[in-house]
Structure formats: C-alpha cells, structure tokens
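Participant: Sequence:
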Amino acid sequence: MHHFHAVVWIDHREAKIFHVGLTGTDQLDLHPTFETRHIHHKANEIGSGHIHEDRGLMKDVADAVSDAGEILIIGPAQAKTELATYLREHTHIGGRIIGVEAVDHPTDGQIVAYAKKLFKIGTLRGDAPASR
Numbered sequence: 000m001h002h003f004h005a006v007v008w009i010d011h012r013e014a015k016i017f018h019v020g021l022t023g024t025d026q027l028d029l030h031p032t033f034e035t036r037h038i039h040h041k042a043n044e045i046g047s048g049h050i051h052e053d054r055g056l057m058k059d060v061a062d063a064v065s066d067a068g069e070i071l072i073i074g075p076a077q078a079k080t081e082l083a084t085y086l087r088e089h090t091h092i093g094g095r096i097i098g099v100e101a102v103d104h105p106t107d108g109q110i111v112a113y114a115k116k117l118f119k120i121g122t123l124r125g126d127a128p129a130s131r
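All residue numbers in the sequence shown are consecutive under numbering that gives the first Met the number 0, ending with 131.
For the record, the hints were derived by calculation from the structure and aren't laboratory data.
Some clues are possibly wrong.
No farther apart than 30 Å at their CA atoms in a straight line, the calculated lysine-lysine pairs in the DSS-like style are these [said to hold, decoys possible]:
#1 119 / 58
#2 15 / 116
#3 58 / 116
#4 115 / 15
#5 119 / 15
#6 15 / 58
#7 58 / 115
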C-alpha cells in the first residue's frame, strides 16, 4: 500500500519506517548489514568511540521511502542527521525531508501518533480549530 507520508525512526542498530495515511499504516523494520555494538571511547585510544553510518542501511532506508512525498526523520542520536545527509547527497528524495528531530526511544504507537499529528492526518489540512 502506498502512502504519501513516511516517518523514519533510526539509530545505529535499526531503522523503523512507517508509511502513514488516512487508510492505515505500514511498517518496515530494517537492520544494519553488520552487527553493531556499543562503542565507548577510552583514554589514550585512537578513534572517537562513535559508530559510523552503515551505507547499506542508509540505502535500504532510501529505497523504502523513495515513493513518499514527505519524509520525517527522527531518532535519538547522530544516525538521523547522517540519514538526512545521505538522502540529500546521494538520492533524488532529499528535498522531500520535512524535518529531522531528536526523539529518544518511543513505542511504535507513539511514532505513528506523532507522525499523524505532524502530517495532520485525520484532519483536513485546511481545517483549523476555531479561535475564540
């Protein structure tokens, strides 16, 4: 099923993609090609202690949201900005990103509810509450 709106929750261990519309929600869970572990920086060691982006995961996410008209990217750490950069620099869909926001570890239901509120799904975009 095709929906115009997509929200991606991503960290370095997984990506959850929700295509959200008036008729329902479709979910796809993706995982990196290589297993990631917690990396901690220690004194006197080379490296930042950060996990770097998995290009395979970034490409899989790009493929999964390629038909979306609007894309919201959320997540707890750097992976969300890495994905946004990847989409803008390596695909034709970077211009469809409407936001990149910090969100910790919500439930799937909270992600969908947030997306519906942001995309104004369930209410007409032209309908604004009457002000008093």
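Participant: State for each hint whether it applies.
Facilitator: Hint check results:
1. A C-alpha spacing of about 28 Å is found between residue 119 and residue 58, which places the hinted pair at or below 30 Å, so the restraint holds.
2. Under the criterion of a C-alpha separation no larger than 30 Å, the hint pairing residue 15 with residue 116 is consistent with the structure, at around 18 Å.
3. Annotation: proposed proximity of residue 58 to residue 116 holds, straight-line Cα distance about 27 Å (limit 30 Å).
4. Proximity of residue 115 to residue 15 is assessed by CA-CA distance (about 16 Å); at most 30 Å being required, the pair is judged to hold.
5. Proposed proximity of residue 119 and residue 15 is supported: the alpha carbons are some 20 Å apart, at most 30 Å.
6. Proposed proximity of residue 15 and residue 58 is supported: the alpha carbons are some 14 Å apart, at most 30 Å.
7. About 25 Å separates the Cα atoms of residue 58 and residue 115, which keeps this hinted pair within 30 Å; it holds.
Comparing the model with each numbered hint stated earlier shows that all of them hold.
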